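Colleague: Sequence:
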Amino acid sequence: MTWPHSCIRPHEPLANHTSFRIGGPAEWFAEPSTLEELLDTLRDAARVGVPVSVVGGGTNTLAADRGIRGLTVHLGRGFRTIEDLSHPDEGVARVSCGGALLTQRLVFLATKHGWGEVETLAGLPGQLGGAVAMNAQEIGRFIQQVTLVSFDGAVHHLTREQLRFSYRYTALEPGIITDVALQFPKVSPAEAYERIRRVLQRRNTTQEVRLPSAGCAFKNPPGTGAGRLIDQAGLKGARIGDAQVSFRHANFI
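Residue numbers (this note's numbering): 1319 to 1571.
It should be emphasised that the hints constitute simulated quantities derived from the structure, not laboratory data.
Quantities reported herein were computed from a predicted structural model and do not represent experimental measurements.
One thing to keep in mind: the hints can contain errors.
Simulated pairs of lysine to any residue, SDA-like, Cα-Cα distance not exceeding 20 Å [as the list claims (entries may be wrong)]:
#  : residue 1 : residue 2
1  : 1430      : 1503
2  : 1504      : 1435
3  : 1537      : 1456
4  : 1430      : 1499
5  : 1554      : 1539
6  : 1504      : 1438
7  : 1430      : 1402
8  : 1504      : 1458
9  : 1504      : 1405
10 : 1537      : 1526
11 : 1554      : 1526
12 : 1554      : 1529
13 : 1554      : 1570
14 : 1537      : 1488
15 : 1430      : 1410
16 : 1554      : 1523
17 : 1537      : 1441
Modelling step: build the complete structure from the supplied sequences, incorporating the hints.
Modeller: What follows is the structure, given as structure tokens:
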């Protein structure tokens, strides 16, 4: 098959796009940098019946050694934008972000502009679109609107009232998050920096951040932590091949 856009290439190793650093090749790998490229690519795939998968920051992705058939979409640099739309006299910050923006880029800019409560995202790996899809750290409380492109190439603008958030889950139709509008309370840059510094210090001393992983592997059951249960089962440090339960935090593999 031939594709009309140069953003698509064959046999891309998915190990290059996952935090586990493992995974076979994507049959076709698309990295569009504009909305037009993305829409054209998805519509072409739908027209010929090619299945579509999505890889964002790859921090919650376990790719099989055999790879992925069809088209795998990974948003390019054009979707890593961020813009502060708020007025200096407003008490809140209104921020527009691309779906491929690194969450830690958002955290860094919060220290410069004084965006409050962003410290809950400090140390969170991956991209903003993935964080929204799984409501990571309850990011849903900041979200005002999400732009979702369905796999048939239709664009949907979803307001906060149309979205439903729960523990590590956002109810969305299958598709690709291209833009997110967020709102944060304003604080002084110094206060934002100090809040984020404390969170990062705690994460670095209690969680496994040195080795390839996908962060916490399991959801916490009500009333306790999954890592605590794994530790109590005597599985801290358990290893099969090159996969090992972390000695530092048992919910990391």
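Colleague: Which hint numbers does the structure go against, in order from smallest to largest?
Modeller: none
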